[in-house]
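Using the sequences and the hints given, assemble the complete structure.
Protein chains: 2
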Amino acid sequence: MRFLHTADWHIGKKLHGFGLNKEQDDAYKQILNIAETEKVDAIIIAGDLYDRAVPGEDSVKQLNSMLIDMNLKHKFPILAISGNHDSATRLHTGSEWFSATNFFLNTKVSQSTTPIEIADTQFFLLPYFEPFEAKQYLQDDKLKNVTEAMVKLVEKMQANFDPNKKHVLIAHFFAAGSEHVDSETQVSVGGLNAIPVDILSPFDYVALGHLHGKDALHAEKVKYSGSPVKFSISEANQTKGVWIVDTDPFKVEFKPLTPTKDIRILTESYETLTSPDFYNQQNCNDFLSIQLTDSKIIPNVMQSLREIYPYIINLERANGPVLTDNKVADIDPNLDPMTLLKKFFKESTEEDMSETQEKWAADTLKTANKEVN
Amino acid sequence: MRFLHTADWHIGKKLHGFGLNKEQDDAYKQILNIAETEKVDAIIIAGDLYDRAVPGEDSVKQLNSMLIDMNLKHKFPILAISGNHDSATRLHTGSEWFSATNFFLNTKVSQSTTPIEIADTQFFLLPYFEPFEAKQYLQDDKLKNVTEAMVKLVEKMQANFDPNKKHVLIAHFFAAGSEHVDSETQVSVGGLNAIPVDILSPFDYVALGHLHGKDALHAEKVKYSGSPVKFSISEANQTKGVWIVDTDPFKVEFKPLTPTKDIRILTESYETLTSPDFYNQQNCNDFLSIQLTDSKIIPNVMQSLREIYPYIINLERANGPVLTDNKVADIDPNLDPMTLLKKFFKESTEEDMSETQEKWAADTLKTANKEVN
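Chains as they are written, first to last, in the UniProt record's numbering: chain C, 1 to 373; chain Z, 1 to 373.
The hints are simulated quantities; they were obtained by calculation from the structure and are not laboratory data.
Idealized CB from N, CA, C, for every residue including glycine.
Misleading hints may appear alongside valid ones.
[What the hints assert, rightly or not] Some residues of chain Z that are not near chain C, with every Cβ distance over 12 Å (derived):
1) L32
2) V252
3) N319
4) E351
[Said to hold, decoys possible] Label pairs and their calculated CB-CB ranges:
5) Z/F254 to C/N102: 40 to 50 Å
6) C/N285 to Z/H16: 28 to 38 Å
7) Z/E253 to C/E57: 54 to 64 Å
8) Z/D58 to C/N319: 49 to 59 Å
[Stated by the list, open to error] Dumping the calculated PhoX-like pairs for lysine-lysine here, alpha-carbon to alpha-carbon at most 25 Å:
9) Z/K73 to C/K108
10) C/K251 to C/K61
11) C/K39 to C/K165
12) C/K108 to Z/K343
13) Z/K108 to C/K61
14) Z/K135 to C/K61
15) C/K135 to C/K61
16) Z/K166 to C/K73
17) C/K251 to C/K39
18) Z/K166 to Z/K214
19) C/K61 to Z/K166
20) C/K135 to Z/K73
21) C/K156 to C/K135
22) Z/K108 to C/K22
23) C/K156 to C/K221
Following this line, the structure appears as structure tokens:
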């Protein structure tokens, strides 16, 4: 059995106001290509298919097209679960019909302990769940947390193990000991809701979703696939891709995806950033977090940088805020207001105030003084 | 070919704040019973399956259960379309898989001209559509309105007619000449968006949705089924039900549904309404619009009536507002304020003001006068 493991598609996700649907479509096409080239027997999507419980109509159309393409057109069996971003109820729609074409979409804990068998492997599809749902299904009000529920669920799954088959768990949770970045919605940072990896030892492989980096967890047979697309600046340095997993003999291989529009951090001076020698070497259409190394004030900095780099998602000063800059700090705040203003104007614009500007300032100051007295 | 024609289920609909899910579930069970008893070959649902484009999770669960029950459990072929209340995109989810079990759900105009054949009949499933969608599909920018689009669509359907079969159109629109009540969301009151019935003459039967009364249109072979449940006081006097249609020989028969909780108008005096002789003969748990025949003021009238009739959805005076009542009109507004108040108090409560009440009124009047001067 050879399968492809992906997760966290987050269809509908926006990045600082920019839609990611083209990037997601492109990543999908690459995933499909890998599935075809690697001749996988199934595609696993371990939760968070959508970014929101109530996705927009465009997102519904986009995910539906992908699922139809994979399952009905390209005939790949799909093993999918709902994640914490999905509405289990909404995502469930149609799933009673999907299984006829080997598209298995589990959205209820109660579905998780009955294996789905494909070739030499039993797959257990456990959607993201809240403790109350496990309590209800396991008829045990004493379960204190997700880990206790998980222990019981694994026991029930094991009771259905066929010893002649391999056993794969598909789930969506925070595994204890994994590293996460700020783009993941944290159910809980460690503590009660993090599930220890050792209770997953009965499985030959655990295909996880929830964390967006493939390296979030370091375990041979328990892996996050990570998201197919970068969703945050904190993911800028991650390599996105999917796992190709063979069950017999066991083997995992990471297949990277090439982003159409990368997320990158540029730490440079304004002069460098605006120099053609520099930007002609750049993919200026990437999503960029710019860390300016300058310490002086630059008028209209965002506007002028956006003319070269239209998809700036973040602009910061690499060396801290401009106002703690020495030149500005040099100005004595005890000076009279007009002198202070003139000095500040010169620091900011590198020009003296014109006679007219000085008259405007004096008039405004006079009015302001009148209002105070 | 024998089929059941229903429409306008409006799952998720609320009536003056009261949920109707129980009534809808009960109507569904009756519809299923009729389908079984009448041994129909298919069930038609002519649009507005949901009440809203984004139905709540409870509504999604409810409609999904009904569809699963009808199609997967009871094996009835379903022929359904989206109505103006549905989001075509959302409702479309899963439909590529549904057809494998003879559940045909059309949400796009482009699907409407390809017939679905069951037994001796070709069904054309035309969802509710906006003119731009028809223009796009028909590649004709000159289409001025829905009727012009409809003429073209019918032509395209006719081109696919098998002369050896019967031809049934399933659609969701406002048919010119039909009568409608205020509970229906009007696409347009007559005029450009109303479709003349004569252009539908090529069909052996037209199963319409949109208007909620079965008698909205008087045509032998073009019928609204109406909604299975009353959704408004304006529907209080309608008989709800479904049509059973035979294609050969052609025959239509109306099968009424029994409401669990009816909507009724009670035009009675307060004395009658609160008399056990009267209310013990009533189904007090119906949704009631009460038209009080009294002309005098009744303190806390809604509160006291709700103790007997918990589901009052409307309370009005049958003979117009109380304040135009003769006794009140008799009071001369030129009297001094205290005399006026005393008279008004007596009219309202049928008692004189007590000494304390009179003192309070005098004090309040004094304060009020002070504030004016």
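Consistency of the hints with the structure:
Every beta carbon of chain C lies more than 12 Å from that of Z/L32, the smallest distance being close to 17 Å; the non-interface claim holds. Against chain C, the non-interface label of Z/V252 holds: every CB pair exceeds 12 Å, the least being about 31 Å. The beta carbon of Z/N319 sits about 48 Å from the closest Cβ of chain C, which is more than 12 Å, so the claim that it is off the interface holds. Even its closest Cβ contact with chain C, about 56 Å, leaves Z/E351 beyond 12 Å, as expected for a residue assigned away from the interface.
At roughly 44 Å, the beta carbons of Z/F254 and C/N102 sit within the given window of 40 to 50 Å. Between C/N285 and Z/H16 the CB atoms are about 54 Å apart, so this pair departs from the stated range of 28 to 38 Å. Taken as a hint, the range 54 to 64 Å is violated for the pair Z/E253 and C/E57, whose Cβ atoms sit roughly 39 Å apart. Look at Z/D58 against C/N319: about 54 Å separates their beta carbons, and that is inside 49 to 59 Å.
A distance of roughly 20 Å separates the Cα atoms of Z/K73 and C/K108; the hinted pair therefore holds under the 25 Å criterion. At most 25 Å may separate the alpha-carbon atoms for a hinted pair to count; C/K251 and C/K61 exceed this at roughly 35 Å. The hinted pair formed by C/K39 and C/K165 meets the criterion: a straight-line CA distance of about 21 Å does not exceed 25 Å. Restraint check for C/K108 and Z/K343: the C-alpha separation of about 68 Å exceeds 25 Å, so the hint is violated.
A C-alpha spacing of about 13 Å is found between Z/K108 and C/K61, which places the hinted pair at or below 25 Å, so the restraint holds. The straight-line distance between the Cα atoms of Z/K135 and C/K61 is roughly 21 Å, inside the 25 Å bound, and the hint therefore holds. This hinted pair does not check out: C/K135 and C/K61 have alpha carbons roughly 35 Å apart, beyond 25 Å. This hinted pair does not check out: Z/K166 and C/K73 have alpha carbons roughly 33 Å apart, beyond 25 Å.
Between C/K251 and C/K39, the direct Cα distance comes to roughly 15 Å. Compliance with the 25 Å bound is thereby established for this hinted pair. For the given pair, Z/K166 sits about 23 Å from Z/K214 by alpha-carbon distance, which is consistent with the 25 Å threshold. Distance check on the hinted pair: C/K61 and Z/K166 sit about 34 Å apart at the alpha-carbon level, beyond 25 Å; violated. For the hint pairing C/K135 with Z/K73, the CA-to-CA distance comes to about 29 Å; that exceeds 25 Å, so the pair is violated.
A C-alpha spacing of about 14 Å is found between C/K156 and C/K135, which places the hinted pair at or below 25 Å, so the restraint holds. For the given pair, Z/K108 sits about 24 Å from C/K22 by alpha-carbon distance, which is consistent with the 25 Å threshold. Only pairs whose Cα atoms come within 25 Å are accepted, and C/K156 paired with C/K221 is accepted, the gap being roughly 20 Å.
Hint check: violations occur at hints 6, 7, 10, 12, 15, 16, 19 and 20; the rest are consistent with the structure.
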